[in-house]
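Colleague: Sequence:
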Amino acid sequence: GRAPKAAALAALGAVAALLAGYLVPVPTAAADTVKVAIVQGNVPNPGMDFLGRPMMVLNNHASATERLAADIRAGRVERPDIVIWPENSSDLDPFSDPLARQRIDEAVKAVGVPTLVGTLVDGPDAQHVQNEGIVWDPVTGPGASYTKQHPVPFGEYVPFRAQLMKVISRLQRVARDFYPGDHNGVMQLGPARIGDVICFEVAYDEIVRDTVDSGARVLVVQTNNATYARTGQPEQQLAMSRLRAVEHGRAVLIAATSGISAVIAPDGSVQQRTEELTPAELSATVPLRDGTTVADEVGAAPEWTLAVGGLLACGAAVLVGRRKKASAGTPAERESLEPVVP
Numbered sequence: 003g004r005a006p007k008a009a010a011l012a013a014l015g016a017v018a019a020l021l022a023g024y025l026v027p028v029p030t031a032a033a034d035t036v037k038v039a040i041v042q043g044n045v046p047n048p049g050m051d052f053l054g055r056p057m058m059v060l061n062n063h064a065s066a067t068e069r070l071a072a073d074i075r076a077g078r079v080e081r082p083d084i085v086i087w088p089e090n091s092s093d094l095d096p097f098s099d100p101l102a103r104q105r106i107d108e109a110v111k112a113v114g115v116p117t118l119v120g121t122l123v124d125g126p127d128a129q130h131v132q133n134e135g136i137v138w139d140p141v142t143g144p145g146a147s148y149t150k151q152h153p154v155p156f157g158e159y160v161p162f163r164a165q166l167m168k169v170i171s172r173l174q175r176v177a178r179d180f181y182p183g184d185h186n187g188v189m190q191l192g193p194a195r196i197g198d199v200i201c202f203e204v205a206y207d208e209i210v211r212d213t214v215d216s217g218a219r220v221l222v223v224q225t226n227n228a229t230y231a232r233t234g235q236p237e238q239q240l241a242m243s244r245l246r247a248v249e250h251g252r253a254v255l256i257a258a259t260s261g262i263s264a265v266i267a268p269d270g271s272v273q274q275r276t277e278e279l280t281p282a283e284l285s286a287t288v289p290l291r292d293g294t295t296v297a298d299e300v301g302a303a304p305e306w307t308l309a310v311g312g313l314l315a316c317g318a319a320v321l322v323g324r325r326k327k328a329s330a331g332t333p334a335e336r337e338s339l340e341p342v343v344p
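Under the numbering used here, the first residue of the sequence shown carries the number 3, and numbering increases by one thereafter.
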């Protein structure tokens, strides 16, 4: 009958859709490579109070970087081309706090290579703060920066703050709203043109794709997962990053304060990863790629097409169901239509 045929066709379509992904080429051959070190300094207190006392998180990352520098000088490890620190690796604004600036500068000078630092920067007014990744040069100091474009509601800003603060006292813990950035995270970090995205921005298709379209040769995810330690969130973010690697044919470098930091190859395989809530350092040589993938070329068009197709299919199913029900009628209606036999 029709039902088995329809079921068979649906199953065949699902298998075909799954296998079609293997036919999509990823033409992004590596032209160069870059040696990178990722520093995971850890936090004193996982959870909402992860920062501990001022300077603690910054000291963790600066000290870990200085230990790396000592290993380099002793010949135990090879000097990287670049170093990457996580989101919030400095818990103080280096532009308004001289001690924070000095501590970052000491660590970057010790390792001797350009370092991507994550920090909160005051402004643009007294009610706001900006979540930034800053390129810090061992000679010239802070340079190019990227400000997170998609702050998290209720975590990094409070919608309808004036009204909600009156009834939800816990929102007072978000003292200042994060001010959104107005440009993508493509920056020159030493020899690498990186595409920086911060924390769960990796979940937004357009933010990651925009960096690739603007020339990013390797993707960097700066993140602070300390608030979500020992939950499924760090693993979820790792899975999203693996997807982005395959989607754009780029290596992905995750730097997390408390884990999971990782090195992901362009095919989505995890080359290295850290454990949570432990100081760690990853060293790797990753490809720098220039080519584009089918996903880069077509953008969000397939997603919108599938979404609209799904909605139309649901609407058609409802319509067909109603017509069948109307044509069949209720039992009472069918009985009334039957001929009466005397």
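It is worth saying that the hints were derived from the structure and are not from the lab.
Some hints could be false.
Okay, the calculated beta carbon distance ranges per label pair [what the hints assert, rightly or not]:
| hint | residue 1 | residue 2 | range |
| --- | --- | --- | --- |
| 1 | T280 | V141 | 29 to 35 Å |
| 2 | A302 | G77 | 33 to 39 Å |
| 3 | A241 | S98 | 35 to 41 Å |
| 4 | D298 | V141 | 30 to 36 Å |
| 5 | G157 | E277 | 20 to 26 Å |
| 6 | I170 | K111 | 18 to 24 Å |
| 7 | D298 | D73 | 35 to 41 Å |
| 8 | K326 | G301 | 21 to 27 Å |
| 9 | P161 | Q235 | 20 to 26 Å |
| 10 | G77 | Q104 | 24 to 30 Å |
| 11 | E299 | K327 | 28 to 34 Å |
Note that beta-carbon positions come from the ideal geometry of N, C-alpha and C, so glycine has one too.
Colleague: Kindly indicate which numbered hints from before are broken by the structure, ordering the numbers from low to high.
Modeller: Of the numbered hints, 2, 6, 8, 11 do not hold.
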